[in-house]
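If you read the sequences in order, they're chains F, R and A.
For the first sequence, our numbering gives the first residue as 493, with consecutive numbering after it.
For the second sequence, our numbering gives the first residue as 59, with consecutive numbering after it.
For the third sequence, our numbering gives the first residue as 823, with consecutive numbering after it.
Check each hint, because a few of them may be wrong.
[To be verified] Below 20 Å or equal to it, Euclidean Cα-Cα: the simulated SDA-like pairs (lysine to any residue) are:
{"hint": "1", "chain 1": "R", "residue 1": "381", "chain 2": "A", "residue 2": "875"}
{"hint": "2", "chain 1": "F", "residue 1": "952", "chain 2": "F", "residue 2": "867"}
{"hint": "3", "chain 1": "F", "residue 1": "934", "chain 2": "R", "residue 2": "61"}
{"hint": "4", "chain 1": "R", "residue 1": "342", "chain 2": "R", "residue 2": "114"}
{"hint": "5", "chain 1": "R", "residue 1": "462", "chain 2": "F", "residue 2": "609"}
{"hint": "6", "chain 1": "F", "residue 1": "730", "chain 2": "R", "residue 2": "69"}
{"hint": "7", "chain 1": "R", "residue 1": "235", "chain 2": "F", "residue 2": "622"}
{"hint": "8", "chain 1": "R", "residue 1": "501", "chain 2": "R", "residue 2": "435"}
{"hint": "9", "chain 1": "F", "residue 1": "691", "chain 2": "R", "residue 2": "376"}
{"hint": "10", "chain 1": "F", "residue 1": "806", "chain 2": "F", "residue 2": "622"}
{"hint": "11", "chain 1": "A", "residue 1": "885", "chain 2": "A", "residue 2": "862"}
{"hint": "12", "chain 1": "R", "residue 1": "414", "chain 2": "F", "residue 2": "889"}
{"hint": "13", "chain 1": "A", "residue 1": "885", "chain 2": "F", "residue 2": "980"}
{"hint": "14", "chain 1": "A", "residue 1": "874", "chain 2": "A", "residue 2": "914"}
{"hint": "15", "chain 1": "F", "residue 1": "588", "chain 2": "R", "residue 2": "414"}
{"hint": "16", "chain 1": "R", "residue 1": "424", "chain 2": "F", "residue 2": "531"}
{"hint": "17", "chain 1": "F", "residue 1": "659", "chain 2": "F", "residue 2": "592"}
{"hint": "18", "chain 1": "F", "residue 1": "592", "chain 2": "R", "residue 2": "79"}
{"hint": "19", "chain 1": "A", "residue 1": "885", "chain 2": "F", "residue 2": "934"}
{"hint": "20", "chain 1": "R", "residue 1": "211", "chain 2": "A", "residue 2": "873"}
{"hint": "21", "chain 1": "R", "residue 1": "281", "chain 2": "R", "residue 2": "254"}
{"hint": "22", "chain 1": "F", "residue 1": "974", "chain 2": "A", "residue 2": "864"}
{"hint": "23", "chain 1": "R", "residue 1": "414", "chain 2": "F", "residue 2": "609"}
{"hint": "24", "chain 1": "R", "residue 1": "211", "chain 2": "R", "residue 2": "185"}
{"hint": "25", "chain 1": "F", "residue 1": "545", "chain 2": "R", "residue 2": "376"}
{"hint": "26", "chain 1": "R", "residue 1": "492", "chain 2": "F", "residue 2": "525"}
{"hint": "27", "chain 1": "F", "residue 1": "793", "chain 2": "R", "residue 2": "237"}
{"hint": "28", "chain 1": "R", "residue 1": "114", "chain 2": "F", "residue 2": "589"}
{"hint": "29", "chain 1": "F", "residue 1": "592", "chain 2": "R", "residue 2": "140"}
These are computed hints drawn from the structure, not numbers from a lab.
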Amino acid sequence: MTDKTYTGCNLALEEPTLFEQSVEGRLGLTFGPSDVPQTNPAALFEGGLLRDKPALLPELSETDVTRHFTRLSTFNYSKDIGFYPLGSCTMKYNPKIANKVVSLEGFTQTHPYQDVSTVQGNLELIYTLERDLAEICGMDAVTVWPAAGSHGELTGMLMTRAYHTAKGNPRRKVLIPDSAHGTNPASAAICNYDVVEIKSNECGLVNPAEVERLMDNEVAALMITNPNTLGIFERDFKKVADIVHSKGGLIYCDGANLNALMGYVRMGEIGCDVMHLNLHKTFGTPHGGGGPGSGPVAVKKHLEPFLPIPIVTKNQGHYALDENRPQSIGRIKSFYGNFGVLIRAYAYIKELGGEGLLAASRLAVLNANYIKARLKGAYDLPYDCPVLHECVFSDKIQNEYGVRTIDIAKRLMDYGFHPPTVYFPLIVHGAIMIEPTETESKALLDRFCESMIMIAKECKENPEIVKGAPHKTFRRRLDEVKAARELCLSAS
Amino acid sequence: MRYLPHTNTEIKEMLKIIGAFNIEDLFASIPKELRTAKQLNLGPQLSEIALLEHLKTLSRNNRNAEDTLSFLGGGAYRHYVPAAVSELASRTEFVTPYTPYQPEISQGTLQVMFEYQTMMCRLFGMDVSNASNYDAATSVAEAVLMARRVGKKRRTICLPDNLHPEYREVVSTVLGKNDPDVHILPSENGLFNRNALKDLLNDNLAAVVVQFPNFFGIAEDFKDIAEMAHKAGGLFVAAVAEPLSLSLLSPPGSWGADIAVGEGISFGLPVNFGGPTLGIFTAKEALLRNMPGRICGQTLDAEGRRGFVLTMSTREQHIRREKATSNICTNHALCATTAAIYLSLLGKNGLIELSKINLDKAEYAKKALTKINGVRLKFSVPTFNEFVIELPRPAATVLQTLLKDNIFGGIDLGRWYPALKNCILVCVTEMNSKRDIDLFADKLASCLSPPL
Amino acid sequence: MEFPDNLFYTKEHEWVLIEGNVATIGISDYAQEQLGDIVFVELPTVGLELKKDDTFGVVESVKSVSDCFTPVTGKVTEINEDLTENPSMLNEDCYGDGWIVKIEMKNPSETKGLMKSAEYHAFVKEEAA
Numbered sequence: 493m494t495d496k497t498y499t500g501c502n503l504a505l506e507e508p509t510l511f512e513q514s515v516e517g518r519l520g521l522t523f524g525p526s527d528v529p530q531t532n533p534a535a536l537f538e539g540g541l542l543r544d545k546p547a548l549l550p551e552l553s554e555t556d557v558t559r560h561f562t563r564l565s566t567f568n569y570s571k572d573i574g575f576y577p578l579g580s581c582t583m584k585y586n587p588k589i590a591n592k593v594v595s596l597e598g599f600t601q602t603h604p605y606q607d608v609s610t611v612q613g614n615l616e617l618i619y620t621l622e623r624d625l626a627e628i629c630g631m632d633a634v635t636v637w638p639a640a641g642s643h644g645e646l647t648g649m650l651m652t653r654a655y656h657t658a659k660g661n662p663r664r665k666v667l668i669p670d671s672a673h674g675t676n677p678a679s680a681a682i683c684n685y686d687v688v689e690i691k692s693n694e695c696g697l698v699n700p701a702e703v704e705r706l707m708d709n710e711v712a713a714l715m716i717t718n719p720n721t722l723g724i725f726e727r728d729f730k731k732v733a734d735i736v737h738s739k740g741g742l743i744y745c746d747g748a749n750l751n752a753l754m755g756y757v758r759m760g761e762i763g764c765d766v767m768h769l770n771l772h773k774t775f776g777t778p779h780g781g782g783g784p785g786s787g788p789v790a791v792k793k794h795l796e797p798f799l800p801i802p803i804v805t806k807n808q809g810h811y812a813l814d815e816n817r818p819q820s821i822g823r824i825k826s827f828y829g830n831f832g833v834l835i836r837a838y839a840y841i842k843e844l845g846g847e848g849l850l851a852a853s854r855l856a857v858l859n860a861n862y863i864k865a866r867l868k869g870a871y872d873l874p875y876d877c878p879v880l881h882e883c884v885f886s887d888k889i890q891n892e893y894g895v896r897t898i899d900i901a902k903r904l905m906d907y908g909f910h911p912p913t914v915y916f917p918l919i920v921h922g923a924i925m926i927e928p929t930e931t932e933s934k935a936l937l938d939r940f941c942e943s944m945i946m947i948a949k950e951c952k953e954n955p956e957i958v959k960g961a962p963h964k965t966f967r968r969r970l971d972e973v974k975a976a977r978e979l980c981l982s983a984s
Numbered sequence: 059m060r061y062l063p064h065t066n067t068e069i070k071e072m073l074k075i076i077g078a079f080n081i082e083d084l085f086a087s088i089p090k091e092l093r094t095a096k097q098l099n100l101g102p103q104l105s106e107i108a109l110l111e112h113l114k115t116l117s118r119n120n121r122n123a124e125d126t127l128s129f130l131g132g133g134a135y136r137h138y139v140p141a142a143v144s145e146l147a148s149r150t151e152f153v154t155p156y157t158p159y160q161p162e163i164s165q166g167t168l169q170v171m172f173e174y175q176t177m178m179c180r181l182f183g184m185d186v187s188n189a190s191n192y193d194a195a196t197s198v199a200e201a202v203l204m205a206r207r208v209g210k211k212r213r214t215i216c217l218p219d220n221l222h223p224e225y226r227e228v229v230s231t232v233l234g235k236n237d238p239d240v241h242i243l244p245s246e247n248g249l250f251n252r253n254a255l256k257d258l259l260n261d262n263l264a265a266v267v268v269q270f271p272n273f274f275g276i277a278e279d280f281k282d283i284a285e286m287a288h289k290a291g292g293l294f295v296a297a298v299a300e301p302l303s304l305s306l307l308s309p310p311g312s313w314g315a316d317i318a319v320g321e322g323i324s325f326g327l328p329v330n331f332g333g334p335t336l337g338i339f340t341a342k343e344a345l346l347r348n349m350p351g352r353i354c355g356q357t358l359d360a361e362g363r364r365g366f367v368l369t370m371s372t373r374e375q376h377i378r379r380e381k382a383t384s385n386i387c388t389n390h391a392l393c394a395t396t397a398a399i400y401l402s403l404l405g406k407n408g409l410i411e412l413s414k415i416n417l418d419k420a421e422y423a424k425k426a427l428t429k430i431n432g433v434r435l436k437f438s439v440p441t442f443n444e445f446v447i448e449l450p451r452p453a454a455t456v457l458q459t460l461l462k463d464n465i466f467g468g469i470d471l472g473r474w475y476p477a478l479k480n481c482i483l484v485c486v487t488e489m490n491s492k493r494d495i496d497l498f499a500d501k502l503a504s505c506l507s508p509p510l
Numbered sequence: 823m824e825f826p827d828n829l830f831y832t833k834e835h836e837w838v839l840i841e842g843n844v845a846t847i848g849i850s851d852y853a854q855e856q857l858g859d860i861v862f863v864e865l866p867t868v869g870l871e872l873k874k875d876d877t878f879g880v881v882e883s884v885k886s887v888s889d890c891f892t893p894v895t896g897k898v899t900e901i902n903e904d905l906t907e908n909p910s911m912l913n914e915d916c917y918g919d920g921w922i923v924k925i926e927m928k929n930p931s932e933t934k935g936l937m938k939s940a941e942y943h944a945f946v947k948e949e950a951a
């Protein structure tokens with residue numbers, strides 16, 4: 493098994509940094525003779541304004557630069573090499589047509605400060621995308637300006653604060669389940685809300701009785717992820733929403749797990765007031781090694797006045813940008829969101845249509861349940877509840893042999909796979925969270941499950957090989973303690 | 059559908075293993091009353107050919123800098139993106155990976171981050187850089203939040219009105235529109251108004267923020283302001299919208315900045331209607347533990363070989379939760395990667411050469427435009443590749459006329475500064491040829507000449 | 823795991839050594855084991871006035887962070903600066919060289935609520951279960 497798997501093919505085994513390869517006098521790009529008179533900077537700027545020494549950027553030829561970054565790229569696992577079974581990340585395949593459309597000059601060469609009459613195409617794309625996202629979520633209005641999910645959370649919480657302030661009392665608290673993603677409490681804290689943690693019940697779900705106990709007139713909102721961070725549907729969502737609404741609070745829904753529900757549930761219909769989406773998850777835009785993403789926020793009518801400016805409007809076929817929104821929370825980012833990411837998501841939605849998104853959710857759920865069924869015996873299931881698009885195991889069984897989740901994750905790399913999400917959510921000790929997404933075939937899932945089962949066997953029979961993993965990767969396990977104790981954050 | 063590989067046979071086999079009869083069974087955990095009855099209405103499915111045609115049509119419904127002469131800047135600068143940069147930055151091994159939380163198989167991204175961080179430190183003259191924020195505006199907001207954290211009880215934030223209006227707006231959104239401790243200081247002849255600052259230099263001062271070059275393109279010496287801020291016990295924050303200028307001009311680290319942020323569009327990113335952008339965030343070493351965002355560090359692997367990892371993660375939201383230095387999770391890694399490739403291609407001397415070209419072109423345009431009867435240079439202080447001209451009538455009308463001549467003549471400053479409604483912010487880069495500039499001057503002159 | 827008899831312990835897993843009206847505080851063997859390799863310690867400034875249960879510092883490992891809470895009201899008179907260079911001391915010698923702060927107590931009777939070694943040992947056993 494392990495010999496047949498792909499673990500990368502690198503002829504270059506080491507790659508020095510740019511600075512180590514820099515040679516004085518090398519040039520990568522020149523600009524040719526100037527067609528305007530040359531100025532003398534020293535004559536234009538007083539001494540103190542000019543650099544006394546050039547910035548020590550590397551000096552390399554184009555060949556050097558091309559080889560350097562090409563080689564570095566080969567040290568990366570990526571979606572086009574294999575899948576990422578990362579729970580809560582929805583690492584679905586990134587359509588290549590998106591790369592083509594984002595490169596269209598008609599988009600790349602537009603400037604945010606062009607007269608609106610000259611960017612009708614861009615504004616139409618944004619306007620349509622907003623409405624499509626609203627349709628998918630059953631909400632009334634959408635802003636696509638937030639640059640990431642957590643940015644969307646911040647935007648949603650700022651709107652929550654504005655909403656309550658307009659009613660006379662901003663309120664002081666936000667209720668957040670202990671299973672929530674860290675961005676939830678972090679975003680609430682930035683808005684100066686006190687975070688009150690709600691303990692989950694069996695299946696890691698929000699307990700209506702707990703909400704009833706904690707809900708009062710000082711709670712601005714309850715932040716809930718649905719399906720929750722274990723992939724389980726919050727069956728009491730509407731009940732919880734009613735409790736919160738009865739005391740004037742809002743329901744904020746973290747839409748990171750939307751991939752399970754497209755065409756099945758629309759949050760706006762079951763009590764959600766405001767939610768964010770992750771275009772780099774559900775809508776197939778690439779992760780870029782950490783970003784850029786996009787985190788649109790969808791709201792119900794009563795929150796519409798607070799949306800960040802500008803608002804894209806349409807009047808008799810003409811699009812415009814409206815900043816005259818007195819109750820708006822203001823601007824949340826410069827210019828117009830991550831426009832390039834918006835184009836990709838737009839293309840994805842247009843290609844798949846409603847039918848395609850529904851099919852995606854169905855098959856995402858099928859894939860996750862298949863993995864759950866196949867791995868059930870080999871790994872401990874902390875919550876044996878019905879799951880949707882992701883499943884969570886723990887390392888309880890493997891602990892008996894001295895092996896932990898981190899070791900299993902590292903050993904998976906030797907089998908040619910990126911590990912699943914580990915140690916999240918925090919409510920499961922040694923969590924291993926697997927979300928295959930719908931773009932993976934049965935053949936691949938089988939190979940993955942077989943690898944996981946082999947590793948479980950290794951934990952019993954040969955734990956040392958798992959504990960010492962990875963063995964076949966470009967780098968073996970890296971010393972994170974050393975990195976944190978002896979900080980070296982830039983080249984000397 | 060092509061992204062959904064399942065055959066009916068496979069689906070049957072999978073359901074058998076799961077022990078369900080059909081896929082619908084797998085959704086049984088959703089109570090019926092919570093299910094939607096609506097079929098998603100998103101338009102018809104499109105084939106790849108149809109999709110491409112549709113997007114092409116949308117893109118053609120725009121004018122752009124290829125078909126229209128552009129002198130637009132204002133925080134989004136159009137520079138030449140070398141072929142090697144687009145090609146390398148679009149390698150799928152950089153575009154499609156996840157965040158490098160599993161460093162053993164992410165050394166490509168991590169080494170690029172380390173190199174990017176290094177170059178930002180050297181360019182900005184600072185000690186540490188993170189691996190990117192969203193943009194300059196949110197980076198300024200993060201810097202201000204950081205200054206308040208560091209300053210403990212200190213709350214006063216001073217923002218000059220020649221700091222990019224959108225950066226100021228974002229700070230206002232994050233801190234709250236009614237925050238009484240955020241002070242906008244009116245500029246004086248385009249410059250920072252020292253007098254306006256004097257009353258705020260007390261033990262409540264958290265930070266003074268400046269932009270360099272400022273929104274009007276002006277490069278101003280800020281050493282005295284840094285001193286004033288520090289003497290009062292506050293932090294000094296610099297925002298750089300056009301970091302290309304730092305290859306020629308003195309960087310923030312050498313004139314006292316504690317935190318220096320910037321917008322990295324200039325480093326190999328297409329303007330692209332303003333996104334995705336690149337938020338550059340750097341600081342002095344003493345402030346390291348308060349910095350937001352992911353940071354990459356060097357270490358060794360189990361066999362003693364050098365490698366890189368994300369480090370100091372305990373500041374971040376996934377560990378610190380509500381006590382995190384920021385809520386940021388996803389950043390702009392691919393944009394930082396692009397910047398790293400761009401800067402290494404241009405290199406130490408190429409970047410200086412490019413700066414000089416921008417300066418030369420802008421100075422040439424300054425002369426050409428101010429030769430026109432009625433056009434004057436609004437602020438006669440040193441500028442980099444942007445400057446403000448004042449016209450005898452509202453900029454808005456002039457720009458409309460220029461548009462008919464196929465020219466984006468610049469930005470109408472009346473949009474944010476009522477007193478400058480006759481002023482245009484003109485940006486000139488290496489993408490504007492002498493001919494372009496001469497044509498612009500020509501058309502502007504016709505615009506302004508009295509009707510017969 | 824060790825829990826020396828001459829020390830008191832808190833529910834937050836700090837140990838307290840009482841000498842006259844000075845309390846020396848650190849984290850217990852259980853705490854350092856739970857945290858893993860310590861990479862950074864944030865110390866308070868000397869002279870800082872603290873109320874009982876205030877946070878006086880932060881201990882960070884690679885994967886987690888723990889606030890340190892003072893069980894007594896008082897003034898910080900000494901901090902263990904060695905921990906800045908050698909945070910690993912907290913793992914290696916948590917009761918000795920890994921001490922974190924010394925506090926001059928305002929109200930020594932507050933120590934009455936602290937656990938002794940046997941009690942703390944039982945408390946840890948229960949938490950670990």
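Okay, the hints, checked on the actual structure:
{"no.": "1", "hint": "R/381 / A/875", "result": "holds, 17 Å"}
{"no.": "2", "hint": "F/952 / F/867", "result": "holds, 16 Å"}
{"no.": "3", "hint": "F/934 / R/61", "result": "holds, 13 Å"}
{"no.": "4", "hint": "R/342 / R/114", "result": "violated, 46 Å"}
{"no.": "5", "hint": "R/462 / F/609", "result": "holds, 12 Å"}
{"no.": "6", "hint": "F/730 / R/69", "result": "violated, 32 Å"}
{"no.": "7", "hint": "R/235 / F/622", "result": "violated, 26 Å"}
{"no.": "8", "hint": "R/501 / R/435", "result": "holds, 18 Å"}
{"no.": "9", "hint": "F/691 / R/376", "result": "holds, 18 Å"}
{"no.": "10", "hint": "F/806 / F/622", "result": "holds, 12 Å"}
{"no.": "11", "hint": "A/885 / A/862", "result": "holds, 12 Å"}
{"no.": "12", "hint": "R/414 / F/889", "result": "violated, 65 Å"}
{"no.": "13", "hint": "A/885 / F/980", "result": "holds, 18 Å"}
{"no.": "14", "hint": "A/874 / A/914", "result": "violated, 28 Å"}
{"no.": "15", "hint": "F/588 / R/414", "result": "violated, 39 Å"}
{"no.": "16", "hint": "R/424 / F/531", "result": "holds, 12 Å"}
{"no.": "17", "hint": "F/659 / F/592", "result": "violated, 47 Å"}
{"no.": "18", "hint": "F/592 / R/79", "result": "violated, 41 Å"}
{"no.": "19", "hint": "A/885 / F/934", "result": "violated, 35 Å"}
{"no.": "20", "hint": "R/211 / A/873", "result": "holds, 18 Å"}
{"no.": "21", "hint": "R/281 / R/254", "result": "holds, 17 Å"}
{"no.": "22", "hint": "F/974 / A/864", "result": "holds, 18 Å"}
{"no.": "23", "hint": "R/414 / F/609", "result": "violated, 34 Å"}
{"no.": "24", "hint": "R/211 / R/185", "result": "violated, 26 Å"}
{"no.": "25", "hint": "F/545 / R/376", "result": "violated, 40 Å"}
{"no.": "26", "hint": "R/492 / F/525", "result": "holds, 12 Å"}
{"no.": "27", "hint": "F/793 / R/237", "result": "violated, 27 Å"}
{"no.": "28", "hint": "R/114 / F/589", "result": "holds, 12 Å"}
{"no.": "29", "hint": "F/592 / R/140", "result": "holds, 18 Å"}
In summary, the structure is inconsistent with hints 4, 6, 7, 12, 14, 15, 17, 18, 19, 23, 24, 25 and 27 from the numbered list given earlier, while agreeing with the others.
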